[in-house]
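Trainee: So the protein sequences, as listed, match chains A and B. Per the working numbering, residue 66 is the first one in the first sequence, and the count goes up by one each step. Per the working numbering, residue 66 is the first one in the second sequence, and the count goes up by one each step.
Hints in this document: simulated from the structure, not taken from any laboratory. If you're wondering where the values come from, they're calculated on a predicted model, not measured in any experiment. Hints may be right or wrong, so weigh each one.
One copy or any two copies: either way a pair holds, since identical chains are not told apart in the list.
Here are the simulated DMTMM-like cross-link-like pairs (lysine to aspartate or glutamate), alpha carbons at most 25 Å apart as the crow flies [to be verified]:
#1 Lys120 with Glu189
#2 Lys218 with Glu153
#3 Lys218 with Glu189
#4 Lys218 with Asp168
#5 Lys218 with Asp252
#6 Lys218 with Glu245
#7 Lys218 with Asp201
#8 Lys218 with Glu200
#9 Lys218 with Asp197
#10 Lys120 with Glu134
#11 Lys218 with Glu134
There are 2 protein chains.
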Amino acid sequence: MARTQGSHSDITGPRVREAALRLFARHGYAAVSMRRIAAEVGVQAGALYNYTPDKQTLLFSLLQGHMAELLDALDAAQQSGPALARLERFVHFHIGFHLNRPDAVFISYMELRNLEPAHFQVIEGLRRTYEDRLEDILRAGRAEGVFDMADTKIATLGLIAMLTGVTTWYRPGGRLSADEVAGVYWDMVRRAVAA
Amino acid sequence: MARTQGSHSDITGPRVREAALRLFARHGYAAVSMRRIAAEVGVQAGALYNYTPDKQTLLFSLLQGHMAELLDALDAAQQSGPALARLERFVHFHIGFHLNRPDAVFISYMELRNLEPAHFQVIEGLRRTYEDRLEDILRAGRAEGVFDMADTKIATLGLIAMLTGVTTWYRPGGRLSADEVAGVYWDMVRRAVAA
DNA sequence: GTCTATAGGAAGATAGAC
DNA sequence: GTCTATCTTCCTATAGAC
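Just need the whole structure built from these sequences, with the hints factored in.
Mentor: Here it is, written out as structure tokens:
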């Protein structure tokens, strides 16, 4: 593991981020030391500070990167058309995206409390922006008359919680493929909000 | 805060547990020191070891106590009758119980990864037992012909995730009472699994 | 860019006085 | 039952050599 002195690598930065993401997800931000991240990468602890000013900024950067990627990917998925079709696409998108990034999803929900207040505000804002995308779909469907919910805001939060929960139990190679799982969830989502 | 030497209290034990529960929920197990718990209680750090052999056992004990209470309370709620009525009771029970113990719920989901393997197995078993209670209701309803789900196991996990998510946004004194919130969720749950 | 070495502090847990 | 004091280990972050 230990690197010889003077060796270099253009990809140490990404490797630091990958190691930190995995370790934070597995053991928690506070429980993971900079030494341990460094050991995973194969450098000494001091070398990490070439890539982040401090541990807190590393966490923030990981969360911010994940949320930005999430929003970009959602926007890249087509979001026009009838609300029912938009909702189905959202369900498949959300499950597919989250199942492909279990570690990032995990720390985005678990490590919010370890962010400094200013950093927390930024991530919280991005999270709300994402929720608003789903809420827009539900409102559109209500206006179309195809959806009917007792409370649109609660429906938004409830559906996201249900869908995100898939990351707590899904394991690749299990009984169902990710797409089949999304289909099962879509069946429940559709009926939960159908008019 | 600081207690004078030689003072006593029969209730220090419960206060240690309450302080640990609140601090673990707020900042995370790994981020909270024994000194900080002690300061919250008003004793010195060494005094905590009259109530727990170590920090890890304190966490385990909190989680175990919470899960035992959850299962006892569920069993105390009547669970006979038609599946539809049982499911409605489950929804109201789950939301009511969880909204009354936000800190315990939080650490029961967040701090599992900080448990030693043997402790983790115990808590995980209790959690599955609780999930099985809901799965039984869904299976009964399917047998009765009142429920219809694409996948009963996934429905179980999906519904619990949706319901538990209420703790992430609900604040007492908000727009809706806990009971009104449960009603909104029940509306979605009912339709998600109705035949 | 990475190393070694270290400053400076905080952590979990224990010992013995009262 | 709680205190003070302390052991030992680990932590984040920095300095300066290569």
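Trainee: Would you mind marking each hint as holding or not holding in the structure?
Mentor: Each hint tested on the structure:
no.	hint	result
1	Lys120 with Glu189	within (20 Å within a copy, 31 Å between copies)
2	Lys218 with Glu153	both (18 Å within a copy, 21 Å between copies)
3	Lys218 with Glu189	within (16 Å within a copy, 32 Å between copies)
4	Lys218 with Asp168	between (27 Å within a copy, 24 Å between copies)
5	Lys218 with Asp252	both (20 Å within a copy, 14 Å between copies)
6	Lys218 with Glu245	between (27 Å within a copy, 14 Å between copies)
7	Lys218 with Asp201	within (10 Å within a copy, 30 Å between copies)
8	Lys218 with Glu200	within (7 Å within a copy, 27 Å between copies)
9	Lys218 with Asp197	within (9 Å within a copy, 29 Å between copies)
10	Lys120 with Glu134	within (21 Å within a copy, 38 Å between copies)
11	Lys218 with Glu134	within (24 Å within a copy, 31 Å between copies)
Comparing the model with each numbered hint stated earlier shows that all of them hold.
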